[in-house]
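2 protein chains.
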Amino acid sequence: MSEGILFVLSAPSGAGKTTLSNLVMDHFQALTPSISYTTRKARPGECNGVEYRFIDHAEFERMVNAGEFAEHADVHGNRYGTSKADLDALLTSGKDVLMDIDVQGAAQIRSSRKGGIYIFIVPPSMEVCEERLRARGAEDEESIQRRLEGARNEIKEAESYDYIIINDKLELAAETLRSVIVAEHAGGERVFNKVEEIFQLN
Amino acid sequence: MSEGILFVLSAPSGAGKTTLSNLVMDHFQALTPSISYTTRKARPGECNGVEYRFIDHAEFERMVNAGEFAEHADVHGNRYGTSKADLDALLTSGKDVLMDIDVQGAAQIRSSRKGGIYIFIVPPSMEVCEERLRARGAEDEESIQRRLEGARNEIKEAESYDYIIINDKLELAAETLRSVIVAEHAGGERVFNKVEEIFQLN
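For the record, the sequence lines run as chains A and B. Residue numbering for the first sequence follows the working numbering, beginning at 22 and increasing consecutively. Residue numbering for the second sequence follows the working numbering, beginning at 22 and increasing consecutively.
A hint or two may mislead.
Chain copies aren't distinguished; within one or between two, either way the pair holds.
Here are the simulated lysine to aspartate or glutamate pairs, DMTMM-like style, with alpha carbons at most 25 angstroms apart [what the hints assert, rightly or not]:
1) Lys-215 x Asp-121
2) Lys-135 x Asp-183
3) Lys-62 x Glu-192
4) Lys-190 x Glu-205
5) Lys-215 x Glu-151
6) Lys-190 x Asp-109
7) Lys-215 x Glu-170
8) Lys-215 x Glu-178
Everything labelled a hint here was simulated from the structure, so no lab data went into it. Remember, it's a predicted structure, so these values are computed and weren't measured experimentally.
Excised from the complex, chain A in its bound form:
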């Protein structure tokens, strides 16, 4: 059984990342999301170990100090983190992991481990990004403007990603994301080990 591949997916708000990753997740049985630890309280209907692993602040702090997180962040006073051991267990079992994370988190992952594939989703234009944010209807003008400004800054970080997918037509973008996953499994370094075995090249 060969090891799975870690796919790290980042995008600014309004790029359509969540819809896209759900579409692709439905397509690959072996593709699994990573589950974060968080200190925030479970909402009604959320189960421990499904959406998140719910822990208290003391335990979170212990894990931070023990270096158990591949990345962690503080969002409005709640803490979120991805356990290195969880990632390793999934990948070793042969599963691909799709990690949905912002650019800061992705940078932490990149510096904490080798071999992940980094994919950035961008909206086709700032106008579409704005439309998508407004379509959600839940935010006031000020927070939309703040998100747009944030989006533009995040998009600059796309430069350090292995792949950039411009999400213009959803089905086309999903096809590209699926292709990246299939293609990476044919990565030369990865497959050559198998080839050496098959043809006893050593």
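Add chain B to chain A, keeping to what the hints say.
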């Protein structure tokens, strides 16, 4: 219009490369084969500029000396070569080029230009490779053994390729090759230029 991508495809005999590249060529309108120059005589039905560009030995030699070939080789006294100018013209016009070439030719291409994507096709086992060679029915035992020995040596060169596709099930291998082509168009370096334009990041 962004530039096309050069895909260089190598495989030992019996790997199923020709069937595979035909399947994939049918799928992508923008994917075009490169056309070689050769000194061999045109066979009945072959048209100059379709299968090959037919030239004489003197003209071939002139092109070699002028450095006009991205790669060239001598096969049983006939010479074959791919013109740098032809490749550049196709790629600049936005077409992807699929070059079907042996490991020696691929090595010449690699040292003569940047940016190509190198894909190696291997048979799923030495046994299948042998079956496929025998199924052609046209060769004697000695030449089959020589091809098998050659195949094993060529497979060692797979290590230097960007992608390796194990051609076990044809449809699956074709899907992988198609995915590589789609994924490479989402290559970060390639797309970031477009992103910089769209979002005026400069």
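Cross-check of the supplied hints:
no.: 1; hint: Lys-215 x Asp-121; verdict: between (29 angstroms within a copy, 23 angstroms between copies)
no.: 2; hint: Lys-135 x Asp-183; verdict: both (13 angstroms within a copy, 18 angstroms between copies)
no.: 3; hint: Lys-62 x Glu-192; verdict: neither (35 angstroms within a copy, 48 angstroms between copies)
no.: 4; hint: Lys-190 x Glu-205; verdict: both (23 angstroms within a copy, 18 angstroms between copies)
no.: 5; hint: Lys-215 x Glu-151; verdict: between (47 angstroms within a copy, 19 angstroms between copies)
no.: 6; hint: Lys-190 x Asp-109; verdict: neither (34 angstroms within a copy, 30 angstroms between copies)
no.: 7; hint: Lys-215 x Glu-170; verdict: between (46 angstroms within a copy, 19 angstroms between copies)
no.: 8; hint: Lys-215 x Glu-178; verdict: between (35 angstroms within a copy, 14 angstroms between copies)
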